[in-house]
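Engineer: Below are the chains, spelled out letter by letter.
2 protein chains.
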Amino acid sequence: MSEERLVTQITPKSEDFSRWYLDLIRRAELADYAPMKGMMVIRPYGYAIWENIQRLLDRRIKALGHVNAYFPLFIPESFLRKEMEHLKGFAPEVAWVTHGGDDELEERLAVRPTSEAIIGYMYSKWIQSWRDLPILINQWANVVRWEKVTRPFLRTTEFLWQEGHTAHETREEAQEETLRILEMYREFVESELAIPVVHGRKTDREKFAGAEATYAIEALMSDGKALQMGTSHNLGQHFARVFDIKFEDRNQKLQYVWQTSWGVSTRLIGALVMSHGDDNGLAFPPQVAPIQVIIVPISIGNWKETVLPVANQVKDALGRAGFRVHLDDRTEHTPGWKFAEWEMRGVPLRLEIGPRDVQKNQAIAVRRDSKEKISLDISGLDKKVEEMLTVVQKALFQKALDFQRENTREAGNYEEFKKIIEDRRGFIKAFWCGNEECEARIKEETMATIRVLPLEQPALKAERCVCCGKEAAALAYFARSY
Amino acid sequence: MSEERLVTQITPKSEDFSRWYLDLIRRAELADYAPMKGMMVIRPYGYAIWENIQRLLDRRIKALGHVNAYFPLFIPESFLRKEMEHLKGFAPEVAWVTHGGDDELEERLAVRPTSEAIIGYMYSKWIQSWRDLPILINQWANVVRWEKVTRPFLRTTEFLWQEGHTAHETREEAQEETLRILEMYREFVESELAIPVVHGRKTDREKFAGAEATYAIEALMSDGKALQMGTSHNLGQHFARVFDIKFEDRNQKLQYVWQTSWGVSTRLIGALVMSHGDDNGLAFPPQVAPIQVIIVPISIGNWKETVLPVANQVKDALGRAGFRVHLDDRTEHTPGWKFAEWEMRGVPLRLEIGPRDVQKNQAIAVRRDSKEKISLDISGLDKKVEEMLTVVQKALFQKALDFQRENTREAGNYEEFKKIIEDRRGFIKAFWCGNEECEARIKEETMATIRVLPLEQPALKAERCVCCGKEAAALAYFARSY
Chain A
420 MSEERLVTQI TPKSEDFSRW YLDLIRRAEL ADYAPMKGMM VIRPYGYAIW
470 ENIQRLLDRR IKALGHVNAY FPLFIPESFL RKEMEHLKGF APEVAWVTHG
520 GDDELEERLA VRPTSEAIIG YMYSKWIQSW RDLPILINQW ANVVRWEKVT
570 RPFLRTTEFL WQEGHTAHET REEAQEETLR ILEMYREFVE SELAIPVVHG
620 RKTDREKFAG AEATYAIEAL MSDGKALQMG TSHNLGQHFA RVFDIKFEDR
670 NQKLQYVWQT SWGVSTRLIG ALVMSHGDDN GLAFPPQVAP IQVIIVPISI
720 GNWKETVLPV ANQVKDALGR AGFRVHLDDR TEHTPGWKFA EWEMRGVPLR
770 LEIGPRDVQK NQAIAVRRDS KEKISLDISG LDKKVEEMLT VVQKALFQKA
820 LDFQRENTRE AGNYEEFKKI IEDRRGFIKA FWCGNEECEA RIKEETMATI
870 RVLPLEQPAL KAERCVCCGK EAAALAYFAR SY
Chain B
420 MSEERLVTQI TPKSEDFSRW YLDLIRRAEL ADYAPMKGMM VIRPYGYAIW
470 ENIQRLLDRR IKALGHVNAY FPLFIPESFL RKEMEHLKGF APEVAWVTHG
520 GDDELEERLA VRPTSEAIIG YMYSKWIQSW RDLPILINQW ANVVRWEKVT
570 RPFLRTTEFL WQEGHTAHET REEAQEETLR ILEMYREFVE SELAIPVVHG
620 RKTDREKFAG AEATYAIEAL MSDGKALQMG TSHNLGQHFA RVFDIKFEDR
670 NQKLQYVWQT SWGVSTRLIG ALVMSHGDDN GLAFPPQVAP IQVIIVPISI
720 GNWKETVLPV ANQVKDALGR AGFRVHLDDR TEHTPGWKFA EWEMRGVPLR
770 LEIGPRDVQK NQAIAVRRDS KEKISLDISG LDKKVEEMLT VVQKALFQKA
820 LDFQRENTRE AGNYEEFKKI IEDRRGFIKA FWCGNEECEA RIKEETMATI
870 RVLPLEQPAL KAERCVCCGK EAAALAYFAR SY
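The listed protein sequences correspond, in order, to chains A and B.
Its first residue numbered 420, the first sequence is counted upward by one per residue in the working numbering.
Its first residue numbered 420, the second sequence is counted upward by one per residue in the working numbering.
Be aware that a few hints might be false.
Which copy? The list can't say, so a pair holds if one copy fits it or any two copies do.
Said to hold, decoys possible - Straight-line C-alpha distance at most 20 Å; calculated EDC-like pairs for lysine to aspartate or glutamate:
id, residue 1, residue 2
1, 567, 663
2, 848, 642
3, 456, 592
4, 818, 697
5, 544, 442
6, 481, 470
7, 665, 451
Think of the hints as simulated: they come from the structure by calculation, not from any bench.
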């Protein structure tokens, strides 16, 4: 009956993916709607995922030599106006501060949609010599983009992210950094979030406003739509010229620096929901799960005297071993209700402990992903739990990878292309002439866009553009996307 | 000569404390001025302190059962208007967003000066039953207050902080939480920042806008002025009534919740500068120092072949042992310049390694605080370094505590009071009648305010108010303050 109740609260995924997503976020208390249009509150259970992402990604960012800093939330309008492409890209989405207290400001301040402009200005003050380079700075911050259509985690007026901003002596170094970060993101998302991605360059039409080239990692959500998971931009010297970021090079000549910027955001939490979730709810990879192990005592007979003390010992032991563990000792819910509840909340591993288990000094372990049940000896439980979590992490990745492979198809001509998109979605690998007109036409007619041009391109022979039939310039991954 | 250069860049503390503070922050690259009035950039060396503060404090906040979440940056004007006292307190300092993209908003949005209003609104949705209580949520965030007079870290238009917001079943629980957090702050600041504080209740005049009572920790900076380091507010039912945060209690009766809120900010970084710094620069307590150990190789002869490899080994060994260690192997600076530079930057411990040290398998350790020098065997260095850092941490606290004790004076009458404030500053312990008029008069005439009313009050007999001479209601700590 309690499982019944859960099902009625969450729309089945197959029935309405979008409703399923929103139901799940609300019901699992990942986030809630704020009273302002397009804004959300990240609730503790959702924020714990962000804390895990921060910890695991920050370690990687620092291992590559970057340091964190904090730049102002507000950017003067004139700064954004300095780089016209950048302004054009962001002006429609900017929230403007016009008053401080009772006073009208002389110049409007943008609430940062991204920080290239303010950071460019500061770098022009900090950089004099090649000895000051590279500058490798990252910032964890909130940003605001006034979006018309919003959806929790995927596109909200305010979101949390990290933005890296680096400056280098040479074009080559900037390009190396751009790709090093792309690879860092790929490895991070695949090994910690268990989400396989394709990666490559964005087309000029899809690139960041002000960048020379944008690279991205893209993943296929379980409804067959692609989600951009992270971007790494080679900014060339655009911002350096605009903000006059010059350095004296090794030959005492003044040069403009070469820059990159890159970021991932709380959108990754949405990706976790849409990649791994099913009709029973969320399924978090152990590496980022807010709770890795949920202990449910079987509350029958004198369980408070027999079962509960053992459950508490197990909790303490696993906690000491470094696991994120929670004991659900509430008396107002049945074990069955708790099973369904914590499945819905995506906890990777459940330990059930009942009176008979206590007698046998064992616990029943149930995997969220496969529902597989095994009994584990309570002594030495931490090693077994560790092993099982590792298995679950890998299984979730493999399942998502299988899905991605099954849903990556080649289209030899436009009819095929349109049919695949209409019937099955997923990624389509197809050749493209390099012309923006074809790109636009495909988008208009199929709602699919070029997600990335893979870095490793096949040697082109007589391949033809899937749209216009002219000579192909590149192989591309197309998909409908969020 | 290089030490000369440093001295000329930093105003001596005794000459002009305020200039010294600003010079040091700029020169040590803790922060820089942003191009917008009153805003700053926290540079990597300064931000690393904030990261250490976050890590050490977050651990304590969670150990007391709190969880983190994230609430929106923007708060509708009507929400602030619901609690008039709160609005009056913050309205003059609010930055207002009036436009999103090209559209004027129907309702202005406040950039959060603090989050009681928006969190109160969300709690009214989340809390139904006593089973939902207590709610113990903390948020790490940026806030904006449009200040007229600003100073890096101490008072800036935007700053970073944590704000805890809790809701409880009873008045008693809320009061316990308020004082538990006050004690957490005291212990944190004293043991990690090595800054001794006095703590107690604020007067009604100085309390938070909307609180029933505000408690604070206050420290004496080395110029004799007090700095408020953290506050913990018992909000009573003010916000619960305004935002209709009700719960069904254990007897099925609807009740308003009892709330608290509390916070510390990047101001703590300013406190570190002003508490421990001297004419040679900063002096960070090891627990929060961005770099705990600086290794300076003595660059003479073939040092790159002899000294540098050993210096690198030492760095790696200390890094592996968990210390924040940096090796300054730059060739463009002399060892003497580096000594002065890293002293100025406040690194608690310097290890000098020269050719003769390499032969003797030793390093010369120099304490930043006492300048004490000893030679240490390179094998087993990590244990010695650990010991020395512990000693430095304690010594910095003791020095600050001695200063605080020397500069806490009792004043029996108003003449004495005025003379102490004028000649020596520091804390003055004096009796007060409890009347706001006396409080205001003292502020007007001496620029001193009541910092706190200590929690443990002496038994009052015939004591008289230091200002009006009427019957005393409480013992108070007075000081001029930031």
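Engineer: Starting from the hint list further up, note which numbers the structure goes against and sort them upward.
Structural biologist: Numbers 1 and 3 - these are the hints that the structure violates, sorted from lowest upward.
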